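**Student:** The chain contents come next:
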Amino acid sequence: MNSDLVIIDEPQSFYLGEITASAPETTGSSAIEFKISVNNMQEIFAFTVNVSEFKEIIRFTYYKSRKNELQILAIKNLIKISNSLQLNLQFSEKTISDQEFEEALEKNPEHYIVDVRPIEDEGDVIIIGDILQEVAPVGELESDQVANIFSIEHDSLLKVFQHGKMLPGR
Amino acid sequence: MARCYLVGESIEGLATEIFAKKIVFNAYLNHPIIGRSSQYKCERDGYAEISKELDPKKHRVKETSLLNIGDCIESEKFIILTLEISRLDVSKSTFSGRHNCNHTKTHKFTFGAITVPFSHIISAIINKAEQRKITGKEWTQKLKR
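Protein chains in written order, with our numbering: chain E, 1 to 170; chain C, 1 to 145.
By construction, these hints were calculated from the structure, which means they are not laboratory data. A portion of the hints provided could be inaccurate.
Unchecked claim - Label pairs and their in silico Cβ distance ranges:
#1 E:GLU100 - C:GLU130: 49 to 59 Å
#2 C:ILE69 - E:LYS94: 29 to 39 Å
#3 E:GLN133 - C:LYS52: 23 to 33 Å
#4 E:ILE79 - C:SER86: 37 to 47 Å
#5 C:ALA2 - E:GLU110: 36 to 46 Å
#6 C:PHE118 - E:GLN133: 19 to 29 Å
#7 E:PHE34 - C:ARG44: 57 to 67 Å
#8 E:TYR63 - C:ALA129: 31 to 41 Å
If you're wondering where the values come from, they're calculated on a predicted model, not measured in any experiment. Heads up, the beta-carbon is just placed ideally off N, CA and C, and yes, glycines get one too.
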């Protein structure tokens, strides 16, 4: 028996109690049996899934949770970009001094500066593509904008596209 | 003196001259190699040229970047990543007898990369790809004969 089969990072309230699953090796079948009980009192829910179905569930759950993470990251970065554009505008219109401008960036870099890094999981690009399709009616984004919004180094994003043999351009 | 026209091609220098019809601030970035830098977007036909080489002359961001004085990128749209955090002074300039454009200079490490090439270059690449397809079909027809 595999107890504590906690694969997904969900809030604690999700777990009503102990979740147990019997692995195919022990049962000798290609199905996994789940049993859910509340505080070890009584079994309230039990179900069996095929291994292939189970993999699909895990894949879908990962997709959903990663998509959620990327959406929150995008909102955070869009706020940072909006803040930095405002700051830059104030500076160019001379409503704030050089010192105030530098202080704002030094004291609160997390409000203005977007961290970019090389892409770690190329699968993220597929999820980003799905997010962009949903926002497409608002307006198309260019590769550098996508890279900034999703905290990706622009060059590594281009490499993923070139690896996929997409035509140069947008 | 080399020139780049394709997506992803780039230059790296200690100082650059930038000409474009539209030069706008894009974002402040914390780049894994360069560090804290500001990103500018240059649009509607422009070019960026290295006016001062790196010392030592070694690639910092991308191994294929051009590094020599006078090397430049030319495209429809490109991005500039510079260590200059304070706003760049953008001034009007007469690029040619008829056309005006905006001009600016950077005085610290600058990385420039093409994001969208000129439209005629995109169509040339597509044409080439189509020609290859046609020759591929011809080859199969010849083989069948």
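**Student:** Each of the hints needs a verdict: does it hold here or not?
**Tutor:** Evaluation of the provided hints:
1. E:GLU100 - C:GLU130: 49 to 59 Å: This hint holds: roughly 56 Å between Cβ atoms.
2. C:ILE69 - E:LYS94: 29 to 39 Å: The hint (29 to 39 Å, Cβ to Cβ) holds, given that C:ILE69 and E:LYS94 are roughly 35 Å apart.
3. E:GLN133 - C:LYS52: 23 to 33 Å: Since E:GLN133 and C:LYS52 have Cβ atoms about 43 Å apart, the given range 23 to 33 Å is violated.
4. E:ILE79 - C:SER86: 37 to 47 Å: Hint violated: Cβ distance 22 Å, outside 37 to 47 Å.
5. C:ALA2 - E:GLU110: 36 to 46 Å: holds (40 Å)
6. C:PHE118 - E:GLN133: 19 to 29 Å: holds (28 Å)
7. E:PHE34 - C:ARG44: 57 to 67 Å: At roughly 59 Å between Cβ atoms, C:ARG44 and E:PHE34 fall inside 57 to 67 Å, so the hint holds.
8. E:TYR63 - C:ALA129: 31 to 41 Å: holds (33 Å)
In summary, the numbered hints that this structure violates are 3 and 4.
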